[in-house]
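A.B. asks: Starting from the known structure of chain W, arrange chain U on it as the hints suggest.
Line by line, the protein sequences give chains W and U. Each number in my numbering comes from the position in the first sequence (counting from 1) with 1415 added on. Each number in my numbering comes from the position in the second sequence (counting from 1) with 860 added on.
Source of the hints: derived by calculation from the structure; they are not laboratory data. Hints should not be assumed to be uniformly reliable.
Claimed, not checked - In silico lysine-lysine, PhoX-like type, Cα no more than 20 Å apart, as pairs:
1. U:Lys983 / U:Lys965
2. W:Lys1666 / W:Lys1545
3. U:Lys988 / U:Lys965
4. U:Lys965 / U:Lys997
5. W:Lys1666 / U:Lys997
6. U:Lys920 / W:Lys1545
Computed from a prediction, not measured in an experiment: that's the story for all the values here.
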Amino acid sequence: MSTRRPSMQGALGQIGTILVTLLGLLVLTFIIGRMMPADPVRAMVGEDATRETYEQVFRSLGLDRPLWEQFFYYLGDVLTGNFGTSIRTGQPVIQDILHVMPATMELATFAILIGAGLGVPMGVIAAVNKDRWPDHLVRVLSLFGHSMPIFWTGMIALIVLYAKLDLVGGSGRMDQFYIGLVPETTGFLLIDSLLAGEMDVFWSAVNHLILPASLLGYSSSAYITRMTRSFMLDQLGQEYITTARVKGLSKHQTIWRHAFVNIRVQLVTIVALAYGSLLEGAVLIETVFAWPGFGQYLTSNLIIGDMNAVMTCVLIVGVIFIALNLLSDMLYRLFDPRTR
Amino acid sequence: MTRPILDVENLHIRYGGAPTDAVRGVSFTLGRERLGIVGESGSGKSTVGRGLLRLLPSAKITADKMRFEDVELLSLTEEQMLGVRGRRMSMILQDPKFSLNPIRKVGDQVAETYLRHFKCSRKDALQKAIAMLEAVKIRDPERVCEQYPHEISGGMGQRVMIAMMLLADPDVVIADEPTSALDVTVRLQVLNILDGLVRDRGIGLIMISHDLNLVRNFCDRVLIMYAGRVVETLAARDLDKAQHPYTRGLIAAQPRIGGARAPLAVLDRRPEWLEEVSR
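One chain only, chain W, in its complex shape (with noise of 0.2 Å):
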């Protein structure tokens, strides 16, 4: 029975919750610009310095000082704002990856929406012909989205549609005539070339964005097309299932409006978790494509050792996973009144 008592109740101890969680998150984060093996002082002040520079960076950084005080230090910066300058671009980290997340996002974006229309429909397809060639068919499909390798798709798929047959565009956002031509407001260039109103920068956007999210979301596919089949398999022999074909309703019928409204919970929180690793970045498709997204951002800064921008991206892929899991919890609480 809902009530309003345990209801706040409960919105209360997941805030705590979450609070807890992101504490955690920001010990590990600390704890791994600690313990990788790279010199913070060394990237900055360069291999040729002198003793006396390096000792002084040295303690600029407040490296001198006990570990657990350092701890409280990068709280407090993480909780004013203050991710730390790259090494790199020597520009604020967190304005680095406001640049590059909007790339991502859209691309992921793009992703799940053609994973999840193609892997739901599939899946119930499959599990309502069970065993007979559209199941077969569709297993065989997503075993292929599930084990071919993203960037050998990727590199073969560039080559067959862009190469041979210029029916996309090719690496990158957009052609790089348009590079520059419209001003970046949102970052998402979608978003932003619209704005614009310039609708050739728009197209060419598209024509770059289809064949990257196309692989991603055909990938990810599989993965909601096997959940969603045995979801539904679950569902389709219970007995209520039963009761309304009783009733008379057709399969159809019995299919979308019994079985599957009772996988919405389920189905949602694969979706959100498949989002996320999206969103964590796609390094291979966004290197084989060169998308100057999160993921690529990510892998050259651990590469170079630039940790002020690891700590903040690890720090950032744990907040939207905290934030998709609050938000399948929610729908939780919309789709099925058990829980509310």
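C.D. replies: Okay, now just chain U, sitting in the frame of chain W:
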């Protein structure tokens, strides 16, 4: 005697991939009466019920005759069958905990039966549902309509199920162990409600059960099934005068309050009974 509503002759049902028939050569008729089907687990009684509604997707159903009023059920297309299910013949399932959709409101689920078979607005269907819930003696039906299945009790859930299945005014209702999942204290209450409605509306009822006493009290005639066959058919009041050794065995295996505390008789099952022709 008038023509029976349901006339089944030599019904065979085999599940996909099974080596033998689950139901072999069952014949019976149903008038405006209450017919009990009794037997052990696996004797095929539920399979007969589901077979009549053609609800078994993987099973192969054959019969010399499976006439329901003026139609031969086996010759109907699935599309035509949809018009029979729920509207002219429906079924009450065992456990409301599983047979009601957990995430849809009660009123919505009950009204769906009406909406499916009659052209009317949602609001009118909901009104019908509320009236029907009242008929199954649910207090404050408007409130119950807004509740979800997990918020109502088992006895109430089964009354909701009855309301849902009788809403479109069918001629035959199959009750598949309608009270087995219920608390003993509400069993009788639910059965009386079902019995009252079935009598008032002149519905032919098939009561599938393993409970001999229940069938004795709530049915006119009883079929005894054993391993997919009907071994004996008799009037419910004559159950004690049963001739067949299997029926007698079932009766003997029942404990009685105040009866002797000696071990109960072990049920005897003989393969040769399968070869006998019933009736």
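A.B. asks: Does each hint fit the structure? Answer for all of them.
C.D. replies: Each hint, compared with the structure:
At roughly 14 Å between alpha-carbon atoms, Lys983 of chain U and Lys965 of chain U fall within 20 Å of each other, so this suggested pair holds. Pair hint Lys1666 of chain W plus Lys1545 of chain W holds up; C-alpha atoms about 14 Å apart against a cutoff of 20 Å. A threshold of 20 Å between alpha carbons decides the hint, and for Lys988 of chain U with Lys965 of chain U the separation of about 15 Å falls inside it, so the pair holds. Distance hint between Lys965 of chain U and Lys997 of chain U is fulfilled; the C-alpha atoms sit about 19 Å from each other, no more than 20 Å.
The straight-line distance between the Cα atoms of Lys1666 of chain W and Lys997 of chain U is roughly 32 Å, outside the 20 Å bound, and the hint therefore fails. For the hint linking Lys920 of chain U to Lys1545 of chain W, the alpha-carbon distance of about 18 Å falls within 20 Å, and the restraint holds.
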